[in-house]
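Engineer: Here is how the chains run, residue by residue.
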Amino acid sequence: MNEERRKILDMLAQGKITVDEAEKLLSAIGEPAPDAGNGAAAGPRSWKYLRVQVEPGPSSEKGDKVNIRVPFKLIRAGLKFAAFIPQNAQGQVREALKEKGLDVDLSKITPQDLEDLVSNLDDLTVDVDGRDKVRIFCE
Amino acid sequence: MLPVIVHFRVRKPGRRPFGFYFPILLVWIVLAALLVLLFPFLLLAAVLTWRRGPGRMLLVIYPLLAAVLWNMSGLHIEAGNAGNGVLIDFT
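Chains D and A supply the protein sequences, listed in that same order. Position 132 of the first sequence, counting from 1, maps to 134 under my numbering, and the rest follow consecutively. Position 67 of the second sequence, counting from 1, maps to 177 under my numbering, and the rest follow consecutively.
It is worth saying that the hints were derived from the structure and are not from the lab. Think of the CB as a built atom: it goes at the ideal place given N, C-alpha and C, for glycine as much as any other residue. Honestly, I wouldn't trust all of these hints.
According to the in silico footprint, chain D covers these stretches of chain A (three or more CB under 8 Å from chain D) [unchecked claim]: (1) 152-159; (2) 187-197.
Part of the chain D face toward chain A, derived, beta carbon under 10 Å [said to hold, decoys possible]: (3) Arg53; (4) Pro58; (5) Gly59; (6) Ile70.
Just chain D, with the same shape it has in the complex (with noise of 0.2 Å):
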């Protein structure tokens, strides 16, 4: 990732810009947009893990720390296993999801949809700093 691109991506993180103008600065400076098509595996940037670490910011009180490597391959296969949920299972997760704001029919997610999130993960970096310190990236 080049300085220009972190930049724009720390200001829309830190909420001084909004999304359609980190587009608009992205497509200033010349970043090809991100391709649906190019997957993990496919990109030059093939990931191998999924990382997640949690670490204890300064008001933490438990000092809680995790951290989670999980190769992508593993992701994929897993994911598979989707499948195997029974129908009445699947209303009941539906619900449940609903419950939370997710109105997502599991019925309705193909394996082609299972590759596609699974490929785009690799542009994914999440950093939260509230009691603890979250990150979820690819490595």
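Chain D is already provided as a structure; the job is to place chain A on it using the hints.
Structural biologist: What follows is chain A alone, placed relative to chain D:
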């Protein structure tokens, strides 16, 4: 790649950390033997439930299971706080 060794480590307050390397390859060998033994029953279940739907799904269980196990290498799970902690690392 199929993981052959798994590293476990447990930490509890007031005790020395306890950890060991387990040759999980032995588990895979036992599991493989079990799956071979169960295969005729799985085929039978697949044939019996073919018309209602699950039969076809049963036939892909083995390849899917193999895919999951084969790609577990590199899985690293570590959680803890100041006192307690646990680590599971497949290599």
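Engineer: If a hint holds in the structure, say so; if it doesn't, say that too.
Structural biologist: We went through each hint and held it up to the structure:
1. By the rule of at least three residues with a Cβ nearer than 8 Å to a Cβ of chain D, the coverage given for the region 152-159 of chain A is violated, with 0 such residues.
2. Coverage of the region 187-197 of chain A by chain D holds [criterion: at least 3 residues with CB-CB distance below 8 Å; count 7].
3. Checking Arg53/D against chain A by beta carbon gives a least distance of about 9 Å; that is within 10 Å, so the hint holds.
4. The restraint placing Pro58/D at the interface with chain A holds, with a minimum CB-CB distance near 8 Å, inside the 10 Å limit.
5. The interface hint given for Gly59/D is broken, as the beta carbon of that residue sits about 13 Å from the closest beta carbon of chain A, more than 10 Å.
6. Because the closest C-beta pair between Ile70/D and chain A is about 5 Å apart, less than 10 Å, the hint holds.
The earlier numbered hints that this structure contradicts are 1 and 5.
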